[in-house]
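Q: Sequence:
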Amino acid sequence: MFDSIDRILHSFEISHYGFLPVDEPLARLPSTYYQPWENLISRLPILISDGSLYNEFASLPLLSTSELRSLPEWRRAYVILTFFTHAHTWSDLQPREVLPANITVPLLEVSAYLDLPPTATYPALNLWNCGLVTDGADITNPENVVMRHTFTGTTDEAWFYAVSVSVEAKGVAAIQVMLECVKAIEQDKKDEVLECLRSFRVIVSELASILQRMHEHCDPSVFYHRIRPFLAGSRGMEKAGLPHGLFYDEGRGKGSWRQYSGGSNAQSSLIQFLDIALGIKHEGPSSQRGGKEQAYLNGMRQYMPQAHRQFLEYFDSVAKIRQYVQSKNVSETLSSTFDEAVEAMAAFRDTHIKIVARYIVAPSRARDQSQNQGVRNIASSSSEQTSSKDELKGTGGTNLMAFLKQTRAETRAAKSRTPIAV
Numbered sequence: 001m002f003d004s005i006d007r008i009l010h011s012f013e014i015s016h017y018g019f020l021p022v023d024e025p026l027a028r029l030p031s032t033y034y035q036p037w038e039n040l041i042s043r044l045p046i047l048i049s050d051g052s053l054y055n056e057f058a059s060l061p062l063l064s065t066s067e068l069r070s071l072p073e074w075r076r077a078y079v080i081l082t083f084f085t086h087a088h089t090w091s092d093l094q095p096r097e098v099l100p101a102n103i104t105v106p107l108l109e110v111s112a113y114l115d116l117p118p119t120a121t122y123p124a125l126n127l128w129n130c131g132l133v134t135d136g137a138d139i140t141n142p143e144n145v146v147m148r149h150t151f152t153g154t155t156d157e158a159w160f161y162a163v164s165v166s167v168e169a170k171g172v173a174a175i176q177v178m179l180e181c182v183k184a185i186e187q188d189k190k191d192e193v194l195e196c197l198r199s200f201r202v203i204v205s206e207l208a209s210i211l212q213r214m215h216e217h218c219d220p221s222v223f224y225h226r227i228r229p230f231l232a233g234s235r236g237m238e239k240a241g242l243p244h245g246l247f248y249d250e251g252r253g254k255g256s257w258r259q260y261s262g263g264s265n266a267q268s269s270l271i272q273f274l275d276i277a278l279g280i281k282h283e284g285p286s287s288q289r290g291g292k293e294q295a296y297l298n299g300m301r302q303y304m305p306q307a308h309r310q311f312l313e314y315f316d317s318v319a320k321i322r323q324y325v326q327s328k329n330v331s332e333t334l335s336s337t338f339d340e341a342v343e344a345m346a347a348f349r350d351t352h353i354k355i356v357a358r359y360i361v362a363p364s365r366a367r368d369q370s371q372n373q374g375v376r377n378i379a380s381s382s383s384e385q386t387s388s389k390d391e392l393k394g395t396g397g398t399n400l401m402a403f404l405k406q407t408r409a410e411t412r413a414a415k416s417r418t419p420i421a422v
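In full-length UniProt numbering, the protein residues as written are 1 to 422.
Any given hint could turn out to be false.
[As the list claims (entries may be wrong)] Straight line, CA to CA, 20 Å or less: simulated PhoX-like cross-link-like pairs of lysine-lysine:
{"#": "1", "residue 1": "LYS190", "residue 2": "LYS281"}
{"#": "2", "residue 1": "LYS405", "residue 2": "LYS281"}
{"#": "3", "residue 1": "LYS281", "residue 2": "LYS320"}
{"#": "4", "residue 1": "LYS190", "residue 2": "LYS328"}
{"#": "5", "residue 1": "LYS354", "residue 2": "LYS320"}
{"#": "6", "residue 1": "LYS328", "residue 2": "LYS189"}
{"#": "7", "residue 1": "LYS320", "residue 2": "LYS189"}
{"#": "8", "residue 1": "LYS183", "residue 2": "LYS405"}
No wet-lab data here; the hints were simulated from the structure.
The structure presented is a predicted model; accordingly, all values stated were derived computationally and were not measured.
Taking the hints into account, I'd like the entire structure generated from these sequences.
A: Okay, structure coming up:
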């Protein structure tokens, strides 16, 4: 039997803000022991811009994680140390391929505790890096969201993250309504299923409306040339100067080369939830049927908090909404309403593609704008040097536009009149 929705949400650490934590992420670690970390990250954009960052890193003590007392503190440490990791790697004209032990050692411990990769993930950049302008403010409005840290100190970067935070917060309504839908299907209550799908369509349209606000405070040129370089990972970055990835130096002759994807919205549990709800299947351009490698989107689950990964697995096992709608004993109204929900999801992806075209594809065609940038244009370095916009690489490592267009096509293929693949 389907468990109570509140119990399900609680067991998978899903709050009334969705995949955002129930309590506002810490602004500082309470122990004065971590003052060196807090002092450095509070000045990070200035240190990057004036060129003194590496001197600061050189004098940073190697701190233990033994003073971290709670889950919010471990998350705060993860945010700090992953920001340090990407700042150290990408702040110079050439990437620095060795991460020093004073960052590596505590980062590996924190990452192991949280079961997350030791790199700047979507949780580090967004979920655990935000607050509200005032208590009780509407978090679904990005104007009310405060980002704790950025690499550039620009409003553009803060807004870029804030929009994602607001999308996440609005998305909790979709989680709740589709769990209700699963429950209604179990009880064969077709009218309730219909209302759930109608509500879901409206919610997804509202998510797209929030995403469309990106242009209000984030300039495409600033994003492409100043912000995006810091979001790059260490996988597939040969052209940028990291042929082996990043060496995580643990000191005393220990360490290892590692490669990770950069921060990407593909690491959002919400987006994958929406797909599962509608039975949308993605193979992704990097997948190989029967091969050893998982499809790209499944691989991105390793960059999500553990409880949220487990929730997606659970929901995938119980969500048979598309199959139910395709059964012979449902009405045409129910089928068409499901298809409208799928089309709303495709429209959401249309919005995303338009943003990518404006913020990545168009600036990549104007490379002369970046010739005098102080930071190496990793965004260009990670792109194939051809005239095809479909070969641009995303920070997550995909062939960007080809991947996005494929996911949109696969979304529309989920409509109820399309046979379910066996």
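Q: CA of LYS354 to CA of LYS320, is that 20 Å or under?
A: Not OK: LYS354 and LYS320 at ~31 Å, beyond 20 Å, violated.
Q: Is the straight-line distance between the alpha-carbon of LYS328 and that of LYS189 20 Å or less?
A: Given pair LYS328, LYS189 holds - Cα atoms ~15 Å apart, limit 20 Å.
Q: Are the Cα atoms of LYS405 and LYS281 separated by 20 Å or less?
A: holds (14 Å)
Q: Would the hint linking LYS281 and LYS320 be met if the CA-CA limit is 20 Å?
A: Holds, at about 13 Å.
Q: Against the 20 Å threshold, does the CA-CA distance of LYS183 and LYS405 hold or violate the hint?
A: Violated, at roughly 33 Å.
Q: Take the C-alpha atoms of LYS320 and LYS189, compute the straight-line distance between them, and say whether it is at most 20 Å.
A: Answer holds: LYS320 to LYS189 is near 14 Å, not above 20 Å.
Q: Decide if the proposed pair is consistent with the structure: LYS190 and LYS328, CA atoms, cutoff 20 Å inclusive.
A: holds (13 Å)
Q: Tell me if the straight-line CA distance from LYS190 to LYS281 falls inside 20 Å.
A: violated (24 Å)
Hints 1, 5 and 8 from the earlier list are contradicted by this structure; the remaining hints agree with it.
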